[in-house]
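Student: Quick note: the sequence shown, position 178, residue 216 per our numbering, numbers continuous.
Just so you know, these hints were derived from the structure itself, not from any lab.
Ideal placement from N, C-alpha and C gives every residue a C-beta, glycine not left out.
Be aware that a few hints might be false.
[Said to hold, decoys possible] Okay, the calculated beta carbon distance ranges per label pair:
id: 1; residue 1: A144; residue 2: L49; range: 33 to 43 Å
id: 2; residue 1: P261; residue 2: A103; range: 48 to 58 Å
id: 3; residue 1: L226; residue 2: S264; range: 23 to 33 Å
id: 4; residue 1: S241; residue 2: A85; range: 41 to 51 Å
id: 5; residue 1: E136; residue 2: D99; range: 25 to 35 Å
id: 6; residue 1: G178; residue 2: H47; range: 30 to 40 Å
id: 7; residue 1: A206; residue 2: E136; range: 13 to 23 Å
id: 8; residue 1: E136; residue 2: G225; range: 28 to 38 Å
id: 9; residue 1: T40; residue 2: R116; range: 20 to 30 Å
id: 10; residue 1: D88; residue 2: S130; range: 31 to 41 Å
id: 11; residue 1: G178; residue 2: A210; range: 18 to 28 Å
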Amino acid sequence: MTDPVSAWHRLAETSVLLDGFHALKHAVRFGADVLVAVAVDRADALALADELAPDVRDTLDVLLAEVPETTYRTLLPRPHPTAVAALAVRPSREANLELLARTPRATPVVVLDDPRHLGNAGAVIRLAAGFGATGVVTTGTLDPWHPTVVRGGAGLHFATAVERLSVAELPAGPVFALDPEGEDIRGLKLPDDAVLAFGSERSGLSAGLRARAEHLLALPMRPQVSSYNLATSVAMTLYHWSATGGTVS
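Please construct the entire structure, taking both the sequences and the accompanying hints into account.
Tutor: Okay, structure coming up:
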């Protein structure tokens, strides 16, 4: 049997870090190729699977190797409260781009235009997975597969297509961009093939994305409130899509 610690050190630089039980659970549930998985207390981790994820319990029983806590702490920059971690193969860019480009598309694509906050990006990916969005695309310098983003997304990167693209490379479909000066979102129905674009937390929409947008939309907001959190804005928009006829699959 391969030593899990040696395998970890050999694979860590080229693999996706699944930080915590829930990230591992979701990754397994959505078909991730898990290369190595460790737990400080294997029995406790499997008991958690019995309680919260019986559908993947048998798979985790095969995957999980027990390691001492001191060893576990050397493997991660920030140990998770569940003391579980794993490494998985990142989905191929080609496969994700194929999903994003597929037409007709049954669910929207979410675009984060030059986001800056890793945790917010992870929360958006978690939302997109929950609503069954086709994918989440980021523009700019933020890596949507950064370990902090994957942690914030609870491993749900494997449930939707996640890639970084330029504005010129965005998938086909009508672009609806969120902007305070836009049309009230409550007055229209978002199509299933919509590209839903959200500006950065600090600067809003870039000039390139604004020029690409066919429609500017505004979320209802009380006067004198400056903005919503990025993930909140995405949640409200995806909920509006689903509530006006979109199908969460």
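Student: Work down the list of hints and note, for each, if the structure agrees.
Tutor: How the hints compare with the structure:
1. At roughly 35 Å, the beta-carbon separation of A144 and L49 lies within the given 33 to 43 Å, and the hint holds.
2. Taking 48 to 58 Å as the suggested C-beta distance range, the pair P261 and A103 conforms, at roughly 56 Å.
3. For L226 paired with S264, a C-beta distance near 24 Å keeps the hint of 23 to 33 Å intact.
4. The given range of 41 to 51 Å is respected by S241 and A85, whose C-beta atoms sit roughly 46 Å from each other.
5. Look at E136 against D99: about 33 Å separates their beta carbons, and that is inside 25 to 35 Å.
6. Checking the proposed 30 to 40 Å range against G178 and H47 shows it holds: the Cβ atoms sit about 32 Å from each other.
7. Between A206 and E136 the CB atoms are about 18 Å apart, so this pair conforms to the stated range of 13 to 23 Å.
8. At roughly 34 Å, the beta carbons of E136 and G225 sit within the given window of 28 to 38 Å.
9. Judged by the Cβ atoms, the range 20 to 30 Å given for T40 and R116 holds: they are separated by roughly 26 Å.
10. In this structure the hint that D88 and S130 lie 31 to 41 Å apart at CB holds, the actual value being about 33 Å.
11. As the Cβ distance of G178 to A210 is approximately 21 Å, the hint placing it in 18 to 28 Å holds.
Checked against the numbered hints listed earlier, the structure breaks none of them; every hint is satisfied.
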